[in-house]
Amino acid sequence: MLNLFQLVLQIAVILVAARIVGFLFQKINQPQVMGEMVAGILLGPSLLGWLAPGASAALFPAASLSYLNALSQVGLVVFMFVVGLALDPSELHGYGHAAVLTSHVSIVAPFCLGGLTALYFYPRLSDDSVTFTHFALFMGAAMSITAFPVLARILTERGLLRSRMGTLAVACAAVDDVTGWCILAYIVVLVRVAHAARPAWVTIAGSFVYVFIMLVVVRRLLPALERAFRKRDHLSDNLLALIVVLVLASALATEWLGIHLLFGAFLMGAIMPKAPDFTRYLLHKFESVTVVLLLPLFFAYTGLRTRIGVGGGHAIWFYSAIVIVVAITGKLGGSMFAARLAGMPWREAAALGVLMNTRGLMELVILNIGLDIGVISQAMFSIMVLMALVTTFMTTPLLEWVYPTRLFRAQVTSEEVHQSVA
Amino acid sequence: MVGLPVLGLLGILEAGRGIPAPLSITGDWTLEFDPAAHCANSPGSFERQRAWSISQSGTEALITFNDGRATTLEATVNGVALTAKSLTATISGKPGTRTLEGVAGFDGCAPVAFRAVRQAPKKGGV
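So the protein sequences, as listed, match chains A and B. The first sequence lines up with residues 989 to 1410 when you count with my numbering. The second sequence lines up with residues 4 to 129 when you count with my numbering.
Excised from the complex, chain A in its bound form (with noise of 0.2 Å):
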């Protein structure tokens, strides 16, 4: 039964636990969501439950998680959307053969990585519940994820945005985070066929029919909401309810077809109409309560997941530096070098490596997918937690080291004087 009083209690706690950990991770030049992630994790049984196991049992009762992660699902519906949203094909125009070079290998490298770390970790960290297969899949797809949100506000915070390096490293993430949820969705329906008692055929046809009516139906009437936008300079509240419901529609129709309701959350901001006014607009209205609400409590939620260094013993400490090793060579390297091979200085080849290696959010929504399909044991979904904080973590500094920001900077001015005389 519902405990309100509990449920609004752990919302505040967390809330306050997130902006505390955000504020004192901004204050060493981190992004305020890797303070966000890192205060999840603090909650749960790897530092509150370590160290006070009674409190967190009075504060989180494994019953009352329930409601918290049925909140968290609604936020991340929203923010799938908002990251959809936010995707636009067209940036990748003008990059040509450095873009689709480097976010190939970037996806194809570490997903290869992933599948041959499988093998070693199929035997001690998975059950013959799963296959192989199914597990290698898994790990390549989460080994090659690329946190376009996380990266996008990295290079905001910083200034960085509009240079060379900052819209191609966008670009190639973009690229990355579809490709990525496309394998991720093939997986999911993999798996969930394998345990279903519906027929493969009628997932497998239905996501085609589901898909050509997005693209095809769906993303025709979409332009209305932009004229109706461009009429009044905004969008009435009834206008903004019917986008919420098509929202709700998308990710219900692919929660049914057994794929995972953030596809079609995602799938539905992918093909919103493009214009930056009418994106921003609808950004501002959605990111807010996501943001500072909802993604928090996922945060929370997985953090009440992940048990990092508890059981195991010092084989977890090992089997996660493997990982975190795995991670980075596969993202990082194979980014550097491709970008290296497209023409691209080792300066910028280094930097757009370490930007592509940005895991943040969205290794953690996969992650949770994962453990929630049953593909990855408890284990392994704390270790890859670890290494999407890692490898999230490292970013800035790294990023500082091999391009200094007077480097990024000096390149924006010389860009924009080279078009305004131009």
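Treat the hints with caution; some may be incorrect.
Now the in silico label distances, taken between C-beta atoms and shown as ranges [stated by the list, open to error]:
{"#": "1", "chain 1": "A", "residue 1": "1334", "chain 2": "B", "residue 2": "84", "range": "50 to 58 Å"}
{"#": "2", "chain 1": "B", "residue 1": "14", "chain 2": "A", "residue 2": "1331", "range": "28 to 36 Å"}
{"#": "3", "chain 1": "B", "residue 1": "81", "chain 2": "A", "residue 2": "1192", "range": "38 to 46 Å"}
{"#": "4", "chain 1": "A", "residue 1": "1054", "chain 2": "B", "residue 2": "120", "range": "24 to 32 Å"}
{"#": "5", "chain 1": "A", "residue 1": "1303", "chain 2": "B", "residue 2": "18", "range": "19 to 27 Å"}
Covered stretches of chain B, going by a simulated chain A footprint (3 or more residues, C-beta under 8 Å) [as the list claims (entries may be wrong)]:
{"#": "6", "stretch": "8-15"}
{"#": "7", "stretch": "26-32"}
{"#": "8", "stretch": "55-63"}
In short, the hints are calculated from the structure, not lab data. A virtual CB, placed ideally from N, CA and C, is assigned to each residue, including glycine.
Starting from the structure of chain A, add chain B where the hints point.
Same frame as chain A, now just chain B:
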């Protein structure tokens, strides 16, 4: 550019098919004890142990007793053997119809024979 990694991945998937994974015991279990079993030290001890919940990561497992105190017991899966401080059991059956048979001791009682049947595979954490 694409062909080589795809071939490599297919090779990995093929190589991985032969790797055995620990037997899955994650989920909720119902227990039956030897009807003649009796514990003088703690009367009613076996009646309280009618259900277990097991979570697992590879060979490591955590058994949570449904005894009102949520007592936990760390266990190890090694082949078909499940072993813990006060418990040894053999895992049998396919993942969907898995059973445990062995001996277990609770609350200072002498070990007694038990049989456990998994209800439905449980996925996810927390």
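Hint check results:
1. Taking the beta carbon of each, residue 1334 of chain A and residue 84 of chain B are about 54 Å apart, inside 50 to 58 Å as hinted.
2. The hinted window of 28 to 36 Å between residue 14 of chain B and residue 1331 of chain A holds, with their beta carbons roughly 31 Å apart.
3. For residue 81 of chain B and residue 1192 of chain A, the hinted distance range of 38 to 46 Å is satisfied, since their beta carbons lie about 40 Å from each other.
4. Judged by the Cβ atoms, the range 24 to 32 Å given for residue 1054 of chain A and residue 120 of chain B holds: they are separated by roughly 26 Å.
5. Taking the beta carbon of each, residue 1303 of chain A and residue 18 of chain B are about 23 Å apart, inside 19 to 27 Å as hinted.
6. Closer than 8 Å: that is the beta-carbon criterion, and the stretch 8-15 of chain B has 4 residues meeting it against chain A, so the requirement of 3 holds.
7. Residues of the stretch 26-32 of chain B with a Cβ under 8 Å from some Cβ of chain A number 4, which satisfies the need for three, so the listed coverage holds.
8. A stretch counts as covered by a chain when three or more of its residues have a beta carbon under 8 Å from one of that chain; for the stretch 55-63 of chain B and chain A the count is 6, and the coverage holds.
In summary, this structure violates none of the numbered hints.
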